[in-house]
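There are 2 protein chains.
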Amino acid sequence: MNSEATEERVLEAVRQRRELVNEALDEDIPLEEPERLYEATRYLLQAGGKRLRPTVTLLAAEALADVEPLSTDYRAFPTLDSREIDVMTAAASIEVIQSFTLIHDDIMDDDDLRRGVPAVHKEYDTETAILAGDTLYAKAFELMTHTGADPENGLEAVRMLATTCTQICEGQALDVEFERRTEVLPDEYLEMIELKTAVLYGAAAATAGVLMGAGEDVVEALYRYGIDSGCAFQIQDDVLDLTVPSEKLGKQRGSDLVENKETIITLHARQQGVDVDSLLDASGVEDVTEEAVEEAVAELDDAGSIDFAREKAHELTDRAKDHLEVLPDNEARSLLRDIADYLITRGY
Amino acid sequence: MNSEATEERVLEAVRQRRELVNEALDEDIPLEEPERLYEATRYLLQAGGKRLRPTVTLLAAEALADVEPLSTDYRAFPTLDSREIDVMTAAASIEVIQSFTLIHDDIMDDDDLRRGVPAVHKEYDTETAILAGDTLYAKAFELMTHTGADPENGLEAVRMLATTCTQICEGQALDVEFERRTEVLPDEYLEMIELKTAVLYGAAAATAGVLMGAGEDVVEALYRYGIDSGCAFQIQDDVLDLTVPSEKLGKQRGSDLVENKETIITLHARQQGVDVDSLLDASGVEDVTEEAVEEAVAELDDAGSIDFAREKAHELTDRAKDHLEVLPDNEARSLLRDIADYLITRGY
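Protein sequence lines correspond, in order, to chains G and U. Here the first sequence is numbered in our numbering, starting from 727 and rising by one per residue. Here the second sequence is numbered in our numbering, starting from 727 and rising by one per residue.
Keep in mind the hints are simulated off the structure, nothing from the lab. Predicted, not measured: the structure shown is a model, and the values here were computed from it. All residues carry an ideal CB built from backbone N, CA and C; glycine is no exception. Just so you know, not all the hints are guaranteed correct.
[What the hints assert, rightly or not] The calculated lysine-lysine pairs, modelled on DSSO-like cross-linking and capped at a C-alpha distance of 27 Å, are:
no. : chain 1 : residue 1 : chain 2 : residue 2
1   : U       : K987      : U       : K974
2   : G       : K848      : U       : K974
3   : U       : K987      : G       : K848
4   : U       : K987      : G       : K987
5   : U       : K977      : U       : K776
[What the hints assert, rightly or not] Here are the in silico distance ranges between beta carbons for each label pair:
no. : chain 1 : residue 1 : chain 2 : residue 2 : range
6   : G       : E1051     : U       : D836      : 39 to 45 Å
7   : G       : E946      : U       : L839      : 42 to 48 Å
8   : U       : D837      : G       : K987      : 56 to 62 Å
[What the hints assert, rightly or not] Output of the computed footprint for chain U on chain G, the stretches with three or more beta carbons under 8 Å from beta carbons of chain U:
no. : stretch
9   : 769-782
10  : 1051-1063
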């Protein structure tokens, strides 16, 4: 299948599920009292987002149950032990965690914008944003206890969610630490993005297996699928930051370079002897010209660093798809494969 | 029993369990990588604290199991369904939640000191403090899945913890909202402290019942015990802020008045026609004199507002103790009664 057709198929599958996920989020995180707090908790959720992670959860459930995609009520979904569960609530829980991490990350990085709107701590204030994140955090765990799964499986899903959150914090701490370090090895970077970004994809996929009572090998394979495609996703983000025009990217092209943020690309370039610190001489994103970015990118390209990143992403994607072999061969599994491909072929 | 003897008995019971809780916290929240993150997560836990909440959990378990206090290994504790559970891990989970809320609250209130040492965001930085709180949050849920309880009970304990965290956030949001409001009713204030402070006492007590497989009525009674004594505890805090000398209090006496923080006392005084806003004319705690505080307190006292708070606290404590009647009549239950008394008789 060519990549354009794949992308179309993926976007359609994601769009269909996004609407259902959005409905679920609206139901599961209702506007309660105190109103300002709940407005802030719902604000970022309502600002959009592709809902890739919950889509992965829903597709993993469909693949495992071997049902026709979208043929089955996600709120009364058949498991492998013939019990019905609310897999949508689990998917919503994953998205709520993602939303909480974005709100707190934006405070820590003092980012102004998120999903095209002011970050929560800009729209409200830092206190409200901390609290909105904390509220979503609790709600995510609450939701995960309400899937109706076999209690042993439900408890295991909560445990996986908790471990995942710990790892996301560790990844964010490493990210901050790396900005202060003089040397970071590419493998250390990969470990950081696995923790910061990929584990939530891992949990998104594996949670479906856990709740449905799949065997350990299947759960592990789903988890690895999420980890590998999540890492590939992050590497592709790093590539896009350098290769996509600012208009399309929605932010300054090369912003990672301007902000001296190490990526797998700059770390590879350093190993090739490129003087990364002198690549872009700008004091901030307002300062930088397209020509300067162009030149910097050319130098990284000459060093083979962009290709290195692309190859790494491809390698991870191939591995991610291989993990899916344990699932029944069906349409949902095929869509999970396509999503892995899409994560590294998407243009922005 | 006279109140001095009660206090001694309580302090001894708390001290004995505190040592065990501290050991458990050290084991359950180990120093991992990234080191700076885990140092920050452990920093406040190691700074001290009475460990009242985990002590309540442990005593509730002992009362329910009807065992001699401290006679039974908390890590292999008998339940009512003849399974053994690690009730210490549940107690640690409650304390970890308390620690997380303090770290985030101190950021929100920009408080410099906590437990006599710099607040985490002062000792480290705001980013690290947000992340340390988030890490503890995840760890608390992780711990609660590791008690070895019947999975249905384990899941119920997680659900209670999640609901409790949501309520704590709601309480903190109300607290912030009240500072901006022109009028707050005493009942609204009581609802706020129930959410912000008392629900964690409720969860501390009830979690033992849930994990041990106690009936709904017992769980509910333990929960109400925690709620009522937790509210009494907070009201006593408000009284102490006005009535205890600064040296003993460890902070400026009357600081709530200086910071225009409404309490049940000021809200009652307003209803009596006292012009609370003019009671203390100081721009900050550095500014205030002992005489001015003395005069303000005398005015609140004349209005009957301090007595009103004391009576309210007594009423709540009596109710709290009544709830304990569902438990077997034993030494641990008697200590839980004493703790309720201690919470409103303690001098600081």
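A quick look at each hint next to the structure:
| no. | hint | verdict |
| --- | --- | --- |
| 1 | K987/U / K974/U | holds, 21 Å |
| 2 | K848/G / K974/U | violated, 40 Å |
| 3 | K987/U / K848/G | holds, 26 Å |
| 4 | K987/U / K987/G | violated, 43 Å |
| 5 | K977/U / K776/U | holds, 18 Å |
| 6 | E1051/G / D836/U: 39 to 45 Å | violated, 54 Å |
| 7 | E946/G / L839/U: 42 to 48 Å | holds, 47 Å |
| 8 | D837/U / K987/G: 56 to 62 Å | violated, 32 Å |
| 9 | 769-782 | violated (count 0) |
| 10 | 1051-1063 | violated (count 0) |
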